[in-house]
Amino acid sequence: MFELSTGNSDNNRYVISVKGEIDIYSAPGFKESLYQSISDVGQDIVLDCSDLTYIDSMGLGILVGVLKRVKEKGNNMIIRNPRSTVRKLFRITGLDKAFVIEEV
Amino acid sequence: MFELSTGNSDNNRYVISVKGEIDIYSAPGFKESLYQSISDVGQDIVLDCSDLTYIDSMGLGILVGVLKRVKEKGNNMIIRNPRSTVRKLFRITGLDKAFVIEEV
Amino acid sequence: MKQTDTVSLCIPMKAEYVSIARLTASGITSRAGFDIDTIEDIKVALSEVLGKIIEKKPLTDRINIDFVCQSDGIRININIPDNIPDLFDNEDDKFALAIIRSLMDEMEMIKQEHIITMVKKLGKAV
Amino acid sequence: MKQTDTVSLCIPMKAEYVSIARLTASGITSRAGFDIDTIEDIKVALSEVLGKIIEKKPLTDRINIDFVCQSDGIRININIPDNIPDLFDNEDDKFALAIIRSLMDEMEMIKQEHIITMVKKLGKAV
Ligand SMILES: Nc1ncnc2c1ncn2[C@@H]1O[C@H](COP(=O)(O)OP(=O)(O)O)[C@@H](O)[C@H]1O
Ligand SMILES: Nc1ncnc2c1ncn2[C@@H]1O[C@H](COP(=O)(O)OP(=O)(O)O)[C@@H](O)[C@H]1O
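Going down the list, the sequences are from chains A, B, C and D. Here the working numbering = 1-based position in the first sequence + 2. Here the working numbering = 1-based position in the second sequence + 2. Here the working numbering = 1-based position in the third sequence + 4. Here the working numbering = 1-based position in the fourth sequence + 4.
One should not assume that every hint holds.
Said to hold, decoys possible - In silico PhoX-like pairs for lysine-lysine, Cα to Cα no more than 20 Å straight-line:
| # | chain 1 | residue 1 | chain 2 | residue 2 |
| --- | --- | --- | --- | --- |
| 1 | A | LYS99 | D | LYS98 |
| 2 | A | LYS90 | D | LYS125 |
| 3 | D | LYS18 | A | LYS33 |
FYI, nobody ran anything at the bench for these hints, they're computed from the structure.
The whole structure should be built from the sequences, with the hints applied where relevant.
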């Protein structure tokens with residue numbers, strides 16, 4: 003399962019941290035929570051993935067959906083500190099080109 | 003699997019630490035290592051179980067065998083800091099009466 | 005989790021695979037809602053049964069375990085190969101048996117079905 | 005580990021059991037000698053296949069996975085229920101397919117046997 007914690011602000015960007023596993027079981031809840039967290043946000047969004055231990059294509063699809071919405075508002079979405087296994091999936095799917103990935 | 007580390011001395015007692023899991027697979031190696039470690043020891047033996055995460059009846063049987071040998075030399079064997087799950091097995095089998103169990 | 009979801013695991017009849025059964029058991033019992041201590045108890049009980057079966061060196065290649073997830077707990081059925089003698093017959097085996105009986109709520113050998121069946125209910129720590 | 009030890013796992017056809025399959029896969033691949041990163045790769049690939057099958061809502065109750073431990077790696081065979089359409093047919097599925105193909109050394113659907121078979125060799129990190 004996963005946990006989302008939101009609300010930290012960083013240089014005028016809105017930081018959301020995700021912790022745990024996003025797989026076929028947790029994906030629906032993740033999608034709902036994430037869409038809810040970003041619905042009123044009018045800034046760039048940083049998704050802190052330091053504690054995201056697992057994600058699969060379904061989770062990536064959700065992130066792409068969020069990116070689309072965020073971009074529609076003229077903002078961007080940054081993936082922060084993905085673990086090497088998660089980062090690898092961004093690379094394989096070519097999504098490392100769609101998202102800004104930052105290591106801090 | 004398991005790891006044994008030996009040789010620390012404590013109040014003239016010989017301390018052996020066991021780390022990891024003792025089950026049907028690791029038991030033969032555990033028995034051999036433990037018997038070897040105690041073969042030349044003429045003091046009381048402390049088996050530090052702080053990092054022993056798992057043991058079953060086979061492992062307990064080995065400890066009983068060691069206790070017998072240690073007692074034949076007029077010494078004793080102390081089980082130190084077993085985790086609650088390990089301690090429970092000593093209780094269930096009545097072995098908490100055969101061994102001195104100490105928490106430090 | 006529904007009334008009766010069953011997870012089956014079939015492992016080679018070898019000591020080195022017992023830890024795989026323990027790992028799978030942790031996953032299932034943790035998802036079923038057992039607390040950490042009870043999960044450990046179930047792992048120990050399962051290992052004792054598997055250990056005793058493997059010790060008897062049966063001719064069968066593999067051993068099957070059914071984890072039946074019930075609304076109030078879990079039932080674990082382990083197939084006993086039919087060419088082995090009694091499972092808990094010697095002095096040492098008595099300890100294994102004592103451990104299993106203490107840690108599980110029910111434990112029974114059903115000879116005609118060639119299984120050992122054990123039950124652990126939710127919400128009862130030893 | 006011998007040439008061909010097979011561990012079989014059969015889980016209910018439900019999303020909540022995929023993590024059990026991942027856990028069992030970790031245990032088997034770790035015992036088989038894979039490094040942590042490769043273990044993660046295998047878990048992801050297995051999850052993608054199971055996820056795609058479960059998404060198609062087949063009528064079958066359970067899904068079987070055979071982990072065949074070979075001296076040079078592992079082969080994972082997953083039964084595909086025969087009443088489901090193609091597994092990787094829409095746009096999103098292409099991503100799952102790309103992930104599986106990248107992470108595993110071999111991946112093949114054998115339609116007449118109704119299985120997907122995937123291979124990962126020891127000593128080859130992506
Ligand atoms: N697993 C995936 N990996 C990468 N991209 C994906 C994945 N799944 C979906 N996408 C892409 O994400 C985009 C948006 O996904 P979509 O399912 O339409 O989200 P939403 O419906 O929430 O907007 C689509 O263009 C699709 O190609
Ligand atoms: N699983 C066990 N739990 C508790 N006591 C045990 C267990 N297995 C063996 N014992 C007891 O330990 C004693 C010594 O065991 P044994 O197998 O004779 O060791 P060794 O042959 O190495 O001396 C026996 O009296 C036996 O009853």
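Okay, the hints, checked on the actual structure:
1. A/LYS99 / D/LYS98: holds, 17 Å
2. A/LYS90 / D/LYS125: holds, 19 Å
3. D/LYS18 / A/LYS33: Answer holds: D/LYS18 to A/LYS33 is near 19 Å, not above 20 Å.
Taken one by one, the earlier hints all hold for this structure without exception.
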